[in-house]
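Produce the entire structure from the sequences given, and follow the hints as far as they go.
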Amino acid sequence: MNKLSFKATFSFVFAATLVSGLGDGMIPIAFALQAHRVDPSGRGLTMVLIALWVGRFVSSLVVRKLPPPTRPVTWMLGSDLVRMLAQWVLVAWLVAYGDSISAFAVSSCVYGCASSFFAPARFGLMSQLFTDAQRTRVNSALSMLGDVLFIAGPLIGTAAVLMLGFRTVLLIDGATFFVAMLFVLPFLSVRRTPAADDAEMLASDTVFNAETVSTAEVTTPSTAESTSQAIRPPDTKKAPVVLPRWVHMGLGTWLVAALVNGFLGSAGPTWIMNSFDEKTWGFMATGLAVGSLLGSAATILKALDRVRFSTLQFFMLLLLTGQVLALAFSPVFALIVIVGASASLLMTAAGIAWDSLGQSLGNDELVHQFATKDQLVFTAGTPLGMILFAVLSEHPNTAAILLSVALIGSAVVTRLPAACSPSTSDMADANT
Numbered sequence: 001m002n003k004l005s006f007k008a009t010f011s012f013v014f015a016a017t018l019v020s021g022l023g024d025g026m027i028p029i030a031f032a033l034q035a036h037r038v039d040p041s042g043r044g045l046t047m048v049l050i051a052l053w054v055g056r057f058v059s060s061l062v063v064r065k066l067p068p069p070t071r072p073v074t075w076m077l078g079s080d081l082v083r084m085l086a087q088w089v090l091v092a093w094l095v096a097y098g099d100s101i102s103a104f105a106v107s108s109c110v111y112g113c114a115s116s117f118f119a120p121a122r123f124g125l126m127s128q129l130f131t132d133a134q135r136t137r138v139n140s141a142l143s144m145l146g147d148v149l150f151i152a153g154p155l156i157g158t159a160a161v162l163m164l165g166f167r168t169v170l171l172i173d174g175a176t177f178f179v180a181m182l183f184v185l186p187f188l189s190v191r192r193t194p195a196a197d198d199a200e201m202l203a204s205d206t207v208f209n210a211e212t213v214s215t216a217e218v219t220t221p222s223t224a225e226s227t228s229q230a231i232r233p234p235d236t237k238k239a240p241v242v243l244p245r246w247v248h249m250g251l252g253t254w255l256v257a258a259l260v261n262g263f264l265g266s267a268g269p270t271w272i273m274n275s276f277d278e279k280t281w282g283f284m285a286t287g288l289a290v291g292s293l294l295g296s297a298a299t300i301l302k303a304l305d306r307v308r309f310s311t312l313q314f315f316m317l318l319l320l321t322g323q324v325l326a327l328a329f330s331p332v333f334a335l336i337v338i339v340g341a342s343a344s345l346l347m348t349a350a351g352i353a354w355d356s357l358g359q360s361l362g363n364d365e366l367v368h369q370f371a372t373k374d375q376l377v378f379t380a381g382t383p384l385g386m387i388l389f390a391v392l393s394e395h396p397n398t399a400a401i402l403l404s405v406a407l408i409g410s411a412v413v414t415r416l417p418a419a420c421s422p423s424t425s426d427m428a429d430a431n432t
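So in our numbering, spot 329 of the sequence shown is number 329, and the numbers just go up one at a time.
Honestly, the hints are just simulated from the structure, not real lab data.
The structure presented is a predicted model; accordingly, all values stated were derived computationally and were not measured.
Even glycine gets a Cβ: it sits at the ideal position worked out from N, Cα and C.
A few of these clues could be false.
Distance windows between CB atoms, simulated [what the hints assert, rightly or not]:
| hint | residue 1 | residue 2 | range |
| --- | --- | --- | --- |
| 1 | Arg306 | Thr280 | 36 to 44 Å |
| 2 | Glu394 | Phe6 | 52 to 60 Å |
| 3 | Ser189 | Pro67 | 17 to 25 Å |
| 4 | Leu81 | Phe283 | 33 to 41 Å |
| 5 | Pro417 | Phe6 | 30 to 38 Å |
| 6 | Ala159 | Thr280 | 16 to 24 Å |
| 7 | Thr270 | Val412 | 47 to 55 Å |
| 8 | Val412 | Ser100 | 47 to 55 Å |
| 9 | Leu81 | Ala8 | 18 to 26 Å |
| 10 | Val405 | Thr270 | 18 to 26 Å |
| 11 | Ala152 | Met273 | 21 to 29 Å |
| 12 | Val412 | Phe329 | 19 to 27 Å |
Right, dumping it as structure tokens:
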């Protein structure tokens with residue numbers, strides 16, 4: 001049970017996110033610079049990135065099979081500890097044996113494995129610490145902080161590597177994990193809701209799902225054919241719980257968006273610099289970050305609270321289609337930036353709404369399922385998009401058309417009745 005006030009709780013969470021985010025912002029550019037020094041061909045950096053994503057993907061499969069942690073902070077502390085050791089052990093190796101791409105890859109793989117345990121635990125902790133009314137504001141504030149760190153991280157990382165050296169940056173990153181662990185320690189006693197309470201919450205949530213949002217159902221096998229779609233609390237043993245249909249539909253559409261994001265992560269810089277020059281990619285990245293900031297700000301101001309997540313994602317997918325087509329075919333850089341920033345705005349707003357809805361499902365097992373499946377979707381989709389770019393790198397126009405068709409198809413899926421989701425304000429009202 002968290003006995004701290006909302007202000008104190010948010011302060012600790014914000015501080016932990018800030019400290020760890022500073023380190024996270026420096027590390028990608030630091031590894032990119034150092035890997036390029038060791039192997040200018042770029043193959044070394046590719047190996048490091050693949051090792052990171054393989055670690056994340058494999059451990060995501062493991063986390064998905066595990067029950068939700070009784071104390072979410074224990075998973076967070078364990079994850080931070082392993083990532084801290086991964087950085088510091090790498091420093092010791094580099095001091096003893098010198099720079100090595102294989103050492104970078106092993107450290108990145110361990111880092112990726114540990115990070116997969118952190119996100120679901122943090123997701124579950126947020127659902128315990130904050131009320132439904134508070135969650136959207138908190139998620140928006142943390143998203144805005146992430147956007148700021150996303151802009152500042154490469155600048156800080158570049159300066160740190162050039163002035164302090166790669167090994168010092170690794171030591172600093174490890175230290176940020178240690179400090180972040182101290183900030184989350186006050187929540188060590190926070191436990192997930194007992195199973196008996198889960199059953200009561202699940203039953204009450206079903207009333208909302210059946211009466212307010214007919215397509216957002218939580219069903220068990222024994223009641224799948226019931227026209228009321230209501231769930232009866234189990235009499236003698238715990239009944240299995242299943243995520244609402246709109247969550248499954250949303251995971252599918254997010255997979256397409258994650259694949260496109262992974263593709264654009266490689267294609268965006270390449271296409272922009274080939275069509276214009278290196279400086280323009282910096283402006284493009286800034287435009288995307290500004291769009292994301294505006295999306296966070298719109299959510300904080302409650303401008304989108306009454307808009308369903310499925311509606312936000314529908315327009316997001318359409319604008320993402322425009323971004324892909326503009327990058328591939330438009331010679332007007334300003335148009336590319338505007339469309340990209342607009343897509344980034346709606347992606348951030350849709351992402352915040354998605355997280356807030358997942359944290360409001362009211363049952364710890366459902367929240368854990370939501371978080372682990374969501375993580376698996378993005379962990380699988382992003383590297384698949386990078387691989388797709390490598391396969392189609394010589395056919396950019398074909399790739400753009402194929403991705404656009406997939407995005408439009410996903411947008412159509414969000415309009416199906418089964419994909420219709422509640423808004424964050426609907427969920428908050430139902431749980432009060």
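> What hints, given by number in increasing order, does this structure fail?
Replying inline: Hint check: 7 fails alone, others pass.
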